[in-house]
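> Line by line, the protein sequences are chains A and B. Heads up: the first sequence begins at 1 in the working numbering, then just goes up one per residue. Heads up: the second sequence begins at 1001 in the working numbering, then just goes up one per residue.
Rather than coming from a laboratory, the hints here were simulated on the basis of the structure. Note that the coordinates shown come from a computational prediction; the quantities given were computed from them, not determined experimentally. Quick reminder that beta carbons are idealized off the backbone N, C-alpha and C, glycines included. Not one of these hints is a red herring.
A few chain A residues facing chain B, derived, Cβ under 10 Å:
1) K53
2) R80
3) E91
4) A92
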Amino acid sequence: MSDPSGPAIEFVNVHYRIDGKHSLISNLNLSVLRGEALMLLGRSGSGKTTTLKLINRLLAPSEGEVRVDGRSTTEWDVIRLRRHIGYSIQEAGLFPHYTVQENVALVPKLEGWEPARISSRVQEVLQLVGLPFHQFSSRYPDQLSGGQRQRVGLARALAADPPILLMDEPFGALDPMTRAELQHEFMELQKRLRKTVVFVTHDVAEALMLGNRIALMDSGALKGIFTGAEFFRSSDTAVKPYIDAFQAMQQTLKAGD
Amino acid sequence: MPLFAFIAIDKRQLLTLTGEHLWLVGISMFLAVALGVPMGILLSRRRGLRAVVLGANNIVQTIPSLALFGLLLPVPWLGARADRLAILALTLYALLPVVRNTYAGIAGVDPPVREAAVGMGLTPWQLLWHVELPLASNVIVAGIRTATVITVGVATIAAAIGAGGLGEFIFRGLAMVDNSVILAGAVPAALLALGADLLLGLIQRTLVRTHH
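Using the sequences provided together with the hints, build the complete structure.
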């Protein structure tokens, strides 16, 4: 059933429509390899977030199949599927009535872990995302900065050690300095953890920096999958605006030197 | 002074009627919460029912309380005992604020918070218990508070159908054209309403504090 050499996530001829007509995703075929960070790059409304939600079955495909570990998401027990996948979103979606510690501990607790194991795991993941336990564990989300909230969101997603991680513009709402810091730490973390990551972003620089591959989306369709080098070599008309934007940004930076 | 004199004479009766009043309000509110909170939760799950349920509740609210008591009088099992009938009518009145606030409190949970919870693999019951109800509790208690104050007031009308309570003094005073007798019912009823409001306000503040 679960073939360890096969892709972690597979989209096979996936369509997604609202109310049976308005099409958000059309004929998507895509494989996410184990241990890679795949960046879903595209403008707002290109279907990136919809694609992400099809993986943990917050949405179910209207046609075709999304497979996680070789099994269709509609065949999975949906709760098991979601606990197999970490989920981190913009603004973090932390529970405001829970402390940092309680936020991070929730899924392990629901999974029935021993209290001792939970508390050592909470310490471990908070350390991993750069939040000293003794300083942050009993704070509430509204006592944290945006960057700290995002770190807690990531720690919470990692808490039960899921093999797959979905990240929906996790750094989108942060100031540029904090974003750069978190991007850097994400790279370090990914080097060590080697999770299968699907990461939604509209920022081409972020996609190039954090991803092993980039899946470019436009109007609900996949325009191509590229490594960083392939992305720059591509003559695809869909890729060009992104390269232009990236180069314009570099020019601006150089001009500022 | 006449008020004081009346109380001095009928202290026992005042205590009895206050007790009856509290009983009517207490049972009605217990039922209103026991029915209203689940109804509010149901509405948050089946939004299509919202118009029907809130509409029906609104209609009940528009029926004048005296008329509602009168209309229910011929109903067989209910009409047999005045307090049953009064409790049913009071429960119906108290239901709307409880249902509406439960629904509003749950609907008011920040969408990213709900999405994160569902995405993390919480079951619908876990979502309700760990996220929605705690975050809605402040709004729910506010609804219970409103309903309680209304019920303490409306319960004075229950005396019109012989269900007792502090309304006895009010109706007797009206019949006797004696303001002091009216006040002997009205003042304790107002104090009860104030006390209930303060107590529930305190609970509400505690909830806000624990939820930060």
